[in-house]
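Undergrad: Sequence:
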Amino acid sequence: MKPPDHDIRAFLDGWPAPTVDRAAQAELVRRLQAIPLTPLRPTVRFNVRWARLILRAQFRLVHPLTWSASALIVALGVLVTATLYQPSISAGDLPFVLVAPLVAAVGVAFLYGVDNDPPLELQLSTPVSPHIILLARLALLYSFNLGLGLASSLALATVHAELSLTPLILAWLAPMTALSALAFLLSVLVFDPLVSVLACFALWCSQVARRAEIALPALRSLPDLLRADLYPVMFLAGAVAILLALWLADREQRWSA
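End of the sequence shown = 470 in this note's numbering, gap-free, step of one.
Bear in mind the hints are in silico, worked out from the structure with no lab data behind them.
All C-beta atoms in this analysis are idealised placements derived from N, C-alpha and C, irrespective of residue type, glycine included.
Hints may be right or wrong, so weigh each one.
Ranges between beta-carbon positions, derived for each pair [stated by the list, open to error]:
id : residue 1 : residue 2 : range
1  : 230       : 273       : 49 to 57 Å
2  : 281       : 415       : 33 to 41 Å
3  : 363       : 269       : 39 to 47 Å
4  : 238       : 356       : 34 to 42 Å
5  : 419       : 449       : 46 to 54 Å
6  : 436       : 261       : 39 to 47 Å
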């Protein structure tokens, strides 16, 4: 019995190989070499579409409870602030201002880690670098909390005309940026969101407690990180912490790939 590939072998053995036309080959090589190899630059429209696709994909990976819990806690902070507000209270001591940064930091702490990133192996096989994916996820959650904060500030300034909008926004925006960046960096360093949450919670509670009238002397001896003159430092520290976290996350995931 003939093997299944017997006929194919017989055909290939009897097939006359075409002769190579050296002149045509040289002409083809010459024409190919004459083609200018200019790199294609992606258009603005392509970059915007690519960013939108990445953001939409990362939106599905953030737990739905993160959005609803953040909105609920911030809404409660606004309600308490609107109810108990007195003109003698500074913007930095308002309940909403004290709640918003911690809410954002808790959500950011759960953005990184194997338990919070089920398709990690699939993402590492894509041409999109890990730090771009994390940056997109961070931008989504930070933008969401930023929108909540701006809407809440506008509502409070509308209800209480004594509140100045710009100082109110800066009072929670600078701490939210710094605390969220710290939570993100700690999650990358210790690879455990709970540790990051506890550290940020302890730091923020110490700052809130030292501003209370009944604060212990030991708490009052702590440096006040919520002073208005430290807002630029908070923004700068937040940017540095985010860049460092993205670099560490990209380096770690490349080693684990």
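Undergrad: Does each hint fit the structure? Answer for all of them.
TA: Tested hints:
no., hint, verdict
1, 230 with 273: 49 to 57 Å, "55 Å, holds"
2, 281 with 415: 33 to 41 Å, "25 Å, violated"
3, 363 with 269: 39 to 47 Å, "23 Å, violated"
4, 238 with 356: 34 to 42 Å, "57 Å, violated"
5, 419 with 449: 46 to 54 Å, "22 Å, violated"
6, 436 with 261: 39 to 47 Å, "43 Å, holds"
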